[in-house]
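As you go down the protein sequences, you meet chains A and B in turn. Number 177 in this note's numbering belongs to position 171 of the first sequence; there are no gaps in the numbering. Number 697 in this note's numbering belongs to position 117 of the second sequence; there are no gaps in the numbering.
Wrong hints could be hidden among the right ones.
What the hints assert, rightly or not - Okay, derived cross-link-like pairs now, DSS-like style, lysine-lysine, Cα gap no bigger than 25 Å in a straight line: (1) B:K890 with A:K89; (2) B:K729 with A:K323; (3) B:K729 with A:K169; (4) A:K378 with A:K409.
Derived from the structure by calculation, the hints contain no laboratory data. Treat the numbers as computed from the prediction; the structure is a model and nothing was measured.
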Amino acid sequence: MEVKVRPLDCWNDFKKYRENYYRNYLEAKDKDGIRWAGSAWAFDAIPKGLGEDVYSLTGEPYGATCAFFHDFSRECLEHIERKGIARDLCGYMRNYWGSVSLNKYLLTDGTIVEPFPKPDFNFTIHICCTHAKWYHFAAELEGGVPTYAIDISVGPGYLLDDKKIEYVVRQLNDAIQWMEKLTGREYDDELLIKAVHAEADSMSTWAKICKLNQAKPAPLEEKSMFSLYVLNLINRSDPEVAKLYHKLHDEIESRVKRGIGALTFEQFRFLTDNPPPWAFLKVYRYLEKEYGAVSLGAIYTFGLAGGWMGMDEKGEKWVWEPAPTPEEAGVEITNREEALRWTAEYNLRYRASWQHEYSHWIRKLETYQMVKDWKADAMIMHLNRGCELWNMSTLEVRDYLVKHDIPVATYEGNMADPRDFDEARTFNVIDSFMQSLGVERISGK
Amino acid sequence: MGEKIGELREIKQFREWFEKRHDYAKKWKEKNGGSVVGYYCTYCPEEILYAAGILPVRILGSHEPESITRPYLHDMYCPFCHDTLAQGLEGRYDYLDGVTLAQSCLHMRQAFFSFADRVPNIEWSYYMPFPHGVNNPHAVDYARHEFEKFKTAVEEWTGTTITKKDLDSAIDVYNKNRELMMKVFEARKGEKPPITGLHAMEMVVSSQIVDKRDHNEVLESLVERLEEVEVEREIGTRLMLIGSEDDDRSFLEMVEYKINYPATFVYEENCTGARYFWGLVRKSDDSIRSLAERYVYRVPCPAKDWAVGKLLRRRFQHIERVIKEYNVEGAIIAQMKFCDPHELDIPSLRALFDKHDVKHLTLELDITQPVGQFRTRVEAFLEAMAEEDLF
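Make the full structure from the sequences, and use the hints.
Okay, here's the thing in structure tokens:
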């Protein structure tokens, strides 16, 4: 299918926001601001109540940025391994630790700045085996930076009950008191309320954008989506981020109406799984150029940044519909307790990427439904040695899809360790897979 | 003249239970007519199962090479998970009626799900969300809530009602087991520990797979006879074993009985050692809450031990106490390959040992152990320690 294409109008807005984000964190002290660091999954609306000059650094996107710049990544990885860190641990984390330990900070254009800007505190969540321990050790490397982690291990959203939500809310309340004591600032509930609104708006709007990619031709391809979804991983509770997603949504909606696609020739639609090998995003370009194959997204790209309805109440079917914002749900948030309750419940119930950590059955249904809803021809799955969390259940999912006549190819790699990737072998896997499915090359090779 | 520890009938019984654990469970089932439930992690409140007349057994591996789990578990998941799932797929747990997991590390989670789905005789499975953040002040309340739900699920499945009396009785049996094992460990503080690490492991692991009442009988007898044990072997370097699940006899036997430098494990800080039984359930009107307190406040698995405001690890505080009380001279960090929670602690753990002038050696465990290579490394480690004493 020949397709009309055109660059995204708001592309540079997203690029600029991300660039400023890392620079703002670096320069926070010039403005007497507060710096905090934590997982991209941290409840980032919470520190917002400390003031409008609070700047964060989320670890996973930072680790991915490091991985993109191979040489810096190697320096970080080898440096931290010499300190006794196992090579099979989370790739993002090893890049982050290496960067901290080297005392070097990377900006999005590849500029390396010294020293590493130490956070005033670390604030994170814990769901896999890594997150809280990541920041615990980072704090030790940083000479004892105060650290607080929220335990969110309460099970999948469709099984939530009041006690589970209360467990998280109580910890969030404690965290606020801890932050107040630590920073000496009075907490502003109005800023918190504004932030939790923005968070839900950003995440639900991203879900709406992802849904638009069900169209044929697909208006977005996943490699570009990586530059778009990331704002929800660095600062989703900033109203400016929500605004940018609305702008993007309007643009994508218009592209769908006008039949504008992501690829000039779309003959094969596939989904991926797991974070990509950031140092080898050329895999996506290879598939596009050689086979007219468009990557529509993944439970990673959609689920990490989006708020989705998820499992139905009976736990029998996954529903890929955007989660409601407070306005859409008819919820009025007027005080701290309501804000904390909202953000806890929204994340626990609708953050898709948390749901399948509690059952491979959920992940099977989630993936299967995505293949159906986005009209994908196949799945190309990254068996990612860099993240044990995202690798949970991948092979069980593979088995499930194959049993339901959905073709699956797998290749091994590492999201954030460029040493763990065999480029030639991966292209070989892709060629064999496409040949077996009868997908013809379009490159004329 | 007393008997040698390995010749005591009690120790032989522990070993027999350990080696013939499947036979034991099948016979127990025949005799008692109850259900047998496998559990995947030591955070499972076994007392609730026991109170319902169920035999809880820990799912363990066999330390034999296998290749049948690769379609379901990623290669980078730990050998223990692969090994345990393999046991299920090979039918060795064909007597289990159910399987459960108190939320644990990711590897255990995936192994549990695959086990529950793919082992055909499993009729009941239960995934219990258990707090990861055992250092936060709300963990007990939350664990209590999940324990209540677990109890209800067990009652519904078995068609029984677990009364407070049933639960208290189960707690008594389990507390007795813990107290007796703590007494055995207490005896290891002395100059001549009467029990080696090998036999201590057999004692602890057998308690995870047999009826605690049976175990208590033998354990009581062992405690009574410990003073009579003839410690004929040279104690040598007092070692602490620390790390992941480790029930491989060949490794412990090699270190204590088959190398040229004498050494004795005086404490095992792992979930097939002290971490399993350390800490009692408090008697109270709210038995479920007491259970929750015990499991939250026990010496934590590294998967659950991290900063909540204070930059402290509770496990490290415990280890520091053990170093002093047990006069630990060296530590072997036996790290299960790919076990992230332990790997995440190792650099800080090494620093802790350095601070206390305790020499340490890190070894990586797999399904089968390269005992020859380990022997060389352990000998070199002990030799280096001896040289330091010399000069």
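**OP:** Starting from K378 (chain A), check that the Cα of K409 (chain A) is at most 25 Å away, please.
**Re:** holds (15 Å)
Original post:
Given the hinted pair K890 (chain B) and K89 (chain A), is their alpha-carbon gap at most 25 Å?
Top reply: holds (24 Å)
Original post:
Is the straight-line distance between the alpha-carbon of K729 (chain B) and that of K169 (chain A) 25 Å or less?
Top reply: holds (11 Å)
Original post:
Quick one, are K729 (chain B) and K323 (chain A) close enough, alpha carbons at most 25 Å?
Top reply: Holds. K729 (chain B) to K323 (chain A) sits at ~24 Å (cutoff 25 Å).
The structure is consistent with each of the numbered hints, conforming to all of them.
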